[in-house]
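> Residues per chain, in single letters:
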Amino acid sequence: MLVMSKIDALDRHALVLAVWLPLVLVATALFHHGFGVGGWPFIAAGFGVLIVAFAVHVIVNVMLGTLFTPREVALGLVVYCAALLAFGLTTLASPAFRTADAVPVSLGFLATALAVIITMILWLGLRGAFDSFDVIRRFKQ
Amino acid sequence: MTSLLAITLALFGAFALYIATQSAKSESSPAAYIDAGQSLPAWTYIFAGSGAMLASVGPYDFLRLLSSYGFQANQLALSLVFVALVMAVFQKRVWLAARITGSRSLGEVFGAHYQSTSIRIYLLVVLFLFAVPFAAMPLGSAGELLARASEGSLSRVAATSVVAAFLFLASALGGWRATVYIIAALSTVTLALLVFSASFASLVFDGLSVFHNGFSVREGILGNVLPGVIQFSSGIGREVPAGGLWTTTAVLSFALATVGAALSPSFAFLGLTMKSRSGFAFSQVWIISGLAAGALLLLGPIVAGEAGPAYDFAALATRFAAYDQLVGAFVIAMLMAMLLIAVAFFTTSGASIATIELLQRYVVLGLTPRGERFTVRITLAVIYAAVLVLAAFLPAGTAVLSTLALPLAAQLFPAYLGLCWLPWMSRSAVLVGLILGSLFVVFTEPPGLILFNGLFVELPWGRWPLTIHSAAWGLVINVAASLLVAIFTRQDAERERRNALHAVFRRDHRTNFGGRAARNAKWSLTLLWVFLALGPGAILGNTFFAQPAFTEADLSLGVPSLWVWQASFWIIGVMLVWWLAYRSELSTVEGAFRVRELQDLHGTAGARRQPRWIALLVTRLATRQNDTTSRTQRLR
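One line per chain: the protein sequences are R and P, in this order. Taking this note's numbering, the leading residue of the first sequence gets 32, the next gets one more, and so forth. Taking this note's numbering, the leading residue of the second sequence gets 13, the next gets one more, and so forth.
Hints are not guaranteed to be accurate.
Stated by the list, open to error - According to the in silico footprint, chain P covers these stretches of chain R (three or more CB under 8 Å from chain P):
(1) 39-45
(2) 49-59
(3) 63-75
As the list claims (entries may be wrong) - Cut-off 30 Å, straight-line C-alpha distance, at most; resulting in silico cross-link-like pairs (BS3-like, lysine-lysine):
(4) R:37 with P:37
(5) R:37 with P:287
(6) P:37 with P:287
It should be emphasised that the hints constitute simulated quantities derived from the structure, not laboratory data. Glycine is no exception: its CB is placed at the ideal position from the N, C-alpha and C atoms.
Construct the entire structure; sequences and hints are all you get.
Structure representation (structure tokens):
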């Protein structure tokens, strides 16, 4: 992997943000409508958009010869776990949450996790994929 | 919806400030503030360049025109393909010329090549028009949109001021690099939300009905067809063209005006600040003529169809919000992003270029990098103040002045031709063309008409007589005069200097058109495409797919024949741009070059010469408080 200068790292960071910002907005709108009156097609599309954003992020990494930064991995894991937790709590505690939405959301979480894991294994191999998620060691470095 | 919109816009603001501070922290030296050290990566050109180009043409105004005129205005989306063609012809060679002659801006490139201060001054006038009135237009629209969307919580002036303050803060903090990053992100946001909102309208409510039922245009407007090849009207403001404004002649001449965006000093500056030219071809072919033109052509009608003939975009957002509040907020955010790209791009590039071309050259010579950064910030503040005053308090005057920006920039076409392809195009030829072309532009646009009608006599024509855009009126006379003068001055004293640059082009950067037949075929096809897609041939599209030639039968496609014609020529246009940009190597990276190879030869134009009256003024202002040295010492 390349050792990047400060400016190169900023270039990459800005590119990654330019990819995620619009797609997160679109995914948010899809989820919002999906949990409202839209139903499962919109929820599925929301997860689909997130997976597309992840795929583009991987393409950026491949083209620039970089890996996910520790901050990106940490942020991804935190957001994923928080969303999972929120989903679990809402399902159990909120009477307003429709049970019909539970299946597409569960499948969406599963599909996102699978997409991430499969992509990482194909891209970096088993050991490399595991290393990428070893955030604590990389932060210490 | 208001609170959701506020959160979305706050997110944009936070993002802009975050990028700006990161950029400020990462720059190793203040010298890079003004032009990012000419080392921006290719992806920024791909996104930001395309976004800035789209913003110059005005997607917001395009949606307005679609609402008012229907599918005849949709033809204007093909202008982007035409612009991409022109960019393919010039962009790479301008970048190379700048590197070879050691120039930092378009003014320096032209100044070095033509050895002309007058061309530099012309460029500064065009720059001013883009940086102030042209940028004030979208800022005013953004303020108005925000004020309406806030349902009275914000006044128009307050909304405009808040938007301007945020943009200024981000640009002033992060400089050119941060601004380009922000524009790149806003461009992707615009595209993604345009695709999303059009898809949403199609899926959730009857957004596609516009293709079956047409636009609900005003009485007398032909919404589904082009209203003729030309109309002998005396111009806007005097006579209303029957059936609508967008005749094929109007469309073609409008396309010539949009070329002005690609030839503007700001857009050239963006290109010159790229580290390499590797993003040019991709941007021209796939993003500008592919994605951007396609999105406007295919998705624009869906969004604009919902706005109605009054093109009320706040009402449009309300319509989306009736189905989902967040989607309504995002529609406003998309429109805001479209507008803010233009404001950020033209103001910040204006500040950088004005510092290089005007202040460093004539007013405060020998600036340190830190001083240079300070100067750009002050210039940016002045530009934003002017833009804000115009946008908030003088919308009518802004609208009048801004009409000159694109057509006057388009008049630079012969100068670009001379720089990139025709060494016999002399300084005199370019200058005569510029003067005559500009006169024609001014007198077929509101500023000239208002001034002349007010001061002297009433002119018998209005804006864009015969439905021909002012840019075309100017370009016809400009090109004719330039060629005529070039015949007599092609061997002038400067020819050797001009030849030197073209010798380097021939030596290291040859194009690959193939043989003579292939070359002729490529240019013939290009002209044929222009004729059929934008020119008089486009009139065939009115009925071509509804009442095909050589048959008695009528076809029922369920969509207007004109729209199918437009979509077909969009696809053909993308292939054509690809053929020229990639296969003919007009925009691809080939051949090495020697940086500043011709700097010495062209150096005299780069020498900074401060006029005496400016020197006196600066000295007087700078030393008034500490008047201990004698006047002669100060001037020495």
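> Quick one: which hint numbers does this structure break? Sort them smallest to largest.
none
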